[in-house]
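Trainee: Under my numbering, the first residue of the sequence shown carries the number 870, and numbering increases by one thereafter.
Keep in mind that the hints were calculated from the coordinates and are not lab data.
You may find that some hints are simply not true.
[Claimed, not checked] Only pairs whose alpha carbons sit at most 20 Å apart, straight line, appear in this in silico PhoX-like list of lysine-lysine:
hint, residue 1, residue 2
1, K1054, K1066
2, K937, K981
3, K989, K1041
4, K1054, K1064
5, K1041, K875
6, K923, K937
7, K988, K1036
8, K923, K910
9, K1032, K988
10, K989, K1032
11, K896, K875
12, K1066, K1076
13, K1036, K989
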Amino acid sequence: MDFTNKIVLVTGGSRGIGEAIVQEFYKAGAEVIFTYCNGEKLAREVEQKYPGSKSYQMNLEDLYDIEKVYEQILADYDRIDILINNAGVTRDGYAMLMSENSWDTVIDTNLKGTFWLTKKMLLHMLQNRMGVIINMSSVAGLIGVAGQANYSASKAALIALTKTLSKELAGKGIRVNAIAPGYVKTDMVEKIPEKMKLQYEESIAMKRFAEPSEIASVALFLASDGASYINGETIVVDGGLR
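Using the sequences and the accompanying hints, generate a full structural model.
Mentor: See the structure below:
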């Protein structure tokens, strides 16, 4: 797949699945830019790994910050061809014990911030009458996960947003799809106690967690011409989680 002359924006691109997506598009010839919230050192390391890539610090929970970074990106680039909404956070806890702050942080970042950034980027995609948007959901949004009411709700809402935008934008040359990964080898998963990891692995038909590259390759395909007739879909990549 060749993405030469394509400009790709990946949110949350400094680590985990996001960095793997940056790597895949970089290898495919795209001009890749990415955002990060914390961890400037990691962002600089990614820029060094993939010369020509560029990072912007952005807090998706802050609408002013989204506006500011949007203006910075459009000052540096004349367009965005592919938007990959990958950034997200978790604040786990059982529903009856969850604080308002934990709920709001996850919903504002994973859903509200993603929506507002997408809305801003659509202004230019609509002018060009072409573009691809990929939203990173989760199997949590399909099956629900105990202790993650906020996260599961935000990821389910992303699936609904994907379907709605796909209907609104299809006639304007813009495709919108989502990816719903299962358990992936990221920093977030590494914090899970070993005993629980083994239990989770047993619930997966393939008996292992995904590599970030196995999610990134799906994003690459969905953004390619090979997926030109795929729109409004959520691709589950969970190794047969049950």
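Trainee: Taking the hints in turn, state whether each one holds.
Mentor: Here is how each hint holds up against the structure:
Only pairs whose Cα atoms come within 20 Å are accepted, and K1054 paired with K1066 is accepted, the gap being roughly 11 Å. As the CA atoms of K937 and K981 are separated by approximately 16 Å, the hinted pair is consistent with the 20 Å bound. For the given pair, K989 sits about 16 Å from K1041 by alpha-carbon distance, which is consistent with the 20 Å threshold. Between K1054 and K1064 the CA atoms are separated by roughly 16 Å; this keeps the pair inside 20 Å, and the hint holds.
Proposed proximity of K1041 and K875 is supported: the alpha carbons are some 18 Å apart, at most 20 Å. The straight-line distance between the Cα atoms of K923 and K937 is roughly 16 Å, inside the 20 Å bound, and the hint therefore holds. The straight-line distance between the Cα atoms of K988 and K1036 is roughly 15 Å, inside the 20 Å bound, and the hint therefore holds. With a C-alpha separation of about 13 Å, the suggested pair K923 and K910 falls inside the 20 Å cut-off, and the hint holds.
A distance of roughly 15 Å separates the Cα atoms of K1032 and K988; the hinted pair therefore holds under the 20 Å criterion. The hinted pair formed by K989 and K1032 meets the criterion: a straight-line CA distance of about 18 Å does not exceed 20 Å. As the CA atoms of K896 and K875 are separated by approximately 12 Å, the hinted pair is consistent with the 20 Å bound. Our distance criterion of 20 Å between C-alpha atoms is met by K1066 and K1076, whose separation comes to about 11 Å.
Only pairs whose Cα atoms come within 20 Å are accepted, and K1036 paired with K989 is accepted, the gap being roughly 18 Å.
Of the numbered hints given earlier, the model fails none.
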